[in-house]
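Enquirer: If you follow the hints, you should be able to join the two separate chains into one complex; please do so.
Quick note, the sequences are listed as chains A and B, same order. Going letter by letter, the first sequence gives residues 1 to 67 in the numbering used here. Going letter by letter, the second sequence gives residues 1 to 254 in the numbering used here.
Incorrect hints may have been included.
Unchecked claim - Partial chain A-side listing against chain B, Cβ under 10 Å, derived:
{"#": "1", "residue": "K31"}
{"#": "2", "residue": "L33"}
{"#": "3", "residue": "R44"}
{"#": "4", "residue": "F61"}
Keep in mind the hints are simulated off the structure, nothing from the lab. Every value quoted in this text rests on a predicted model; they were computed, and no experiment measured them. Each residue gets a CB set at the ideal place from its N, CA and C atoms; glycine is no exception.
This is what each chain is made of:
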Amino acid sequence: MITIEFNGSAENLDSNANLLQLIELKNLNPKSLALVLNDQVVPRSRWAQIECQQSDKIDIFSAVAGG
Amino acid sequence: MLSIGNHNFESRLFTGTGKFSDAKTMLAAISATESQLVTLAMKRIDPSKDFDDLLTPLQQMGVKILPNTAGARNAKEAVFAAELASEMLGTKLIKLEIHPDPKYLMPDAVETLQAAETLCNKGFTVLPYVHADPVLCYRLEEVGCAAVMPLGSPIGSNQGLATEPFLEIIIEQANIPVVVDAGIGAPSQACRAMEMGADAVLVNTAIASSADPVLMAKCFNQAVKTGRQAYLAGLGNVTKQAEHTSPLTNFLNL
Numbered sequence: 001m002i003t004i005e006f007n008g009s010a011e012n013l014d015s016n017a018n019l020l021q022l023i024e025l026k027n028l029n030p031k032s033l034a035l036v037l038n039d040q041v042v043p044r045s046r047w048a049q050i051e052c053q054q055s056d057k058i059d060i061f062s063a064v065a066g067g
Numbered sequence: 001m002l003s004i005g006n007h008n009f010e011s012r013l014f015t016g017t018g019k020f021s022d023a024k025t026m027l028a029a030i031s032a033t034e035s036q037l038v039t040l041a042m043k044r045i046d047p048s049k050d051f052d053d054l055l056t057p058l059q060q061m062g063v064k065i066l067p068n069t070a071g072a073r074n075a076k077e078a079v080f081a082a083e084l085a086s087e088m089l090g091t092k093l094i095k096l097e098i099h100p101d102p103k104y105l106m107p108d109a110v111e112t113l114q115a116a117e118t119l120c121n122k123g124f125t126v127l128p129y130v131h132a133d134p135v136l137c138y139r140l141e142e143v144g145c146a147a148v149m150p151l152g153s154p155i156g157s158n159q160g161l162a163t164e165p166f167l168e169i170i171i172e173q174a175n176i177p178v179v180v181d182a183g184i185g186a187p188s189q190a191c192r193a194m195e196m197g198a199d200a201v202l203v204n205t206a207i208a209s210s211a212d213p214v215l216m217a218k219c220f221n222q223a224v225k226t227g228r229q230a231y232l233a234g235l236g237n238v239t240k241q242a243e244h245t246s247p248l249t250n251f252l253n254l
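Next comes chain B alone, as it looks inside the complex (with noise of 0.2 Å):
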């Protein structure tokens, strides 16, 4: 059981909603995810066209919403984001996310510290999308986070682990859960971020622009399983020459 703040999860694969081809192929793939955690964003409605309404079916699916900060440029904007989500979605989880660079949404690690300390001494319950920066990540849960996301590699770009020797480190040191985000891009780097012993993963684009999205979300549901259950079973030691697994008998000079 994974806790976060006063929230459990059965299920350590969390999902984005994002970047699905309609609602329903959306909502289908969460199902088949699993998942108990998933990601919305906050935006203006614009009165002149119909919205859809994601929170209702997703709600009536039984997972936790986790809001997100996505568009806020800096600290002030995205407390506000927050509050306008808690108000919303009466939850004080939020994913604090602040990337105003629009080409490689890279978090800007100052405004994201800023704002994670006003946060949680407002009460959220805080999940910061940050570099796979170690010491940031401890600055972070110093502040009072309930766990850190740093990314696998820039949001979106399927590239997988880039950071990999990074999130070891963090995985290594922090007391608090730690979620890999972004840039995961297909099931064996997922299982593979869990084998390393982080405590939960966060997918989106691998599965929401798949050909297949459905079939690909119970991929990623097998895939942070079996990475999890690796990691419990604890993975053998790596060694550079070769030790033999069968005896070594010398049939030629019997």
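So here's chain A without its partners, still in its complex pose (with noise of 0.2 Å):
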């Protein structure tokens, strides 16, 4: 088990979990978001490939309404 800081709150989370099961644990559409590791964005086409460690900074962002 793992610590991460998810959206500014700290989750726990099993260790061999990757970005993408992250997303799909979470009940988000992966189609419509991007994310943040760290303070830097994470092409989609890594997400499967990159695993969560232990103190990770994980941001997900949506499009909002504005103008």
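Expert: Written out as structure tokens, the structure reads:
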């Protein structure tokens, strides 16, 4: 078990989970999101290849209404 | 046909998606505008709350998405927001907006120019939101921006074209499209901007805050088309003195 910071909140996670599995675990639609790992935007194509690490800071962004 | 970067638009009315009472009204209004370019913002999601998926229905309507960098307070944050948007939406189009002052939302010229240069070098199609400053617009063109978006008046204020004399200079001098953004509060003001020779206008609050957003959207659609046609037809000269339009027959001295 590892602890990560997910959108500002501490969360426990299986130690082998990758970024795509994390998105699926959260019931989020991966098509309309962007993922930021430790302040770096991670391309969607790499989500399944990157395992979450202890103390990782992960933020998920979506498109919202705006002018 | 309006070209910005390698994107072509038949409609010269761009639309923002903010401030509508609900997503259904927003989508109906966007449809009524016949806009082909629609803005969205980026936000970190709150995992404890459901969020509306606006992207899918907009994409189904066939509009192009123009993500903005709203919320960015400096060039570094704006570049980050643009990269985020590009990854999320698969587009290099970006409306660059940096306005750290929450009261008047005035765009920061220095940070905007810096970010514009960086983003142009990274291959983005940059549309910067700026004050109606002809010199700044020229500098933004020099660093490779695809268009400039000078403001008519403060964002969401519905004050109209307070900057009109400066917009005229920008339109006269720019070799890239000029999109008048922010403050347009009535269809007549959008029409005026187009009559002056603006290439497009971006409207949000005036539609979203109307009592009947869908009807107002139709009005803006008509106004922008009319203004564009009037510009193409060519406005007549403005003179101080009257110039008679009828023969001045002297009926009383027959």
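Enquirer: All hints are to be evaluated individually against the structure, with a verdict given for each.
Expert: Quick rundown of the hints versus the structure:
1. K31: 8 Å, holds
2. L33: 6 Å, holds
3. R44: 7 Å, holds
4. F61: 5 Å, holds
Hint check: no violations occur; every hint is consistent with the structure.
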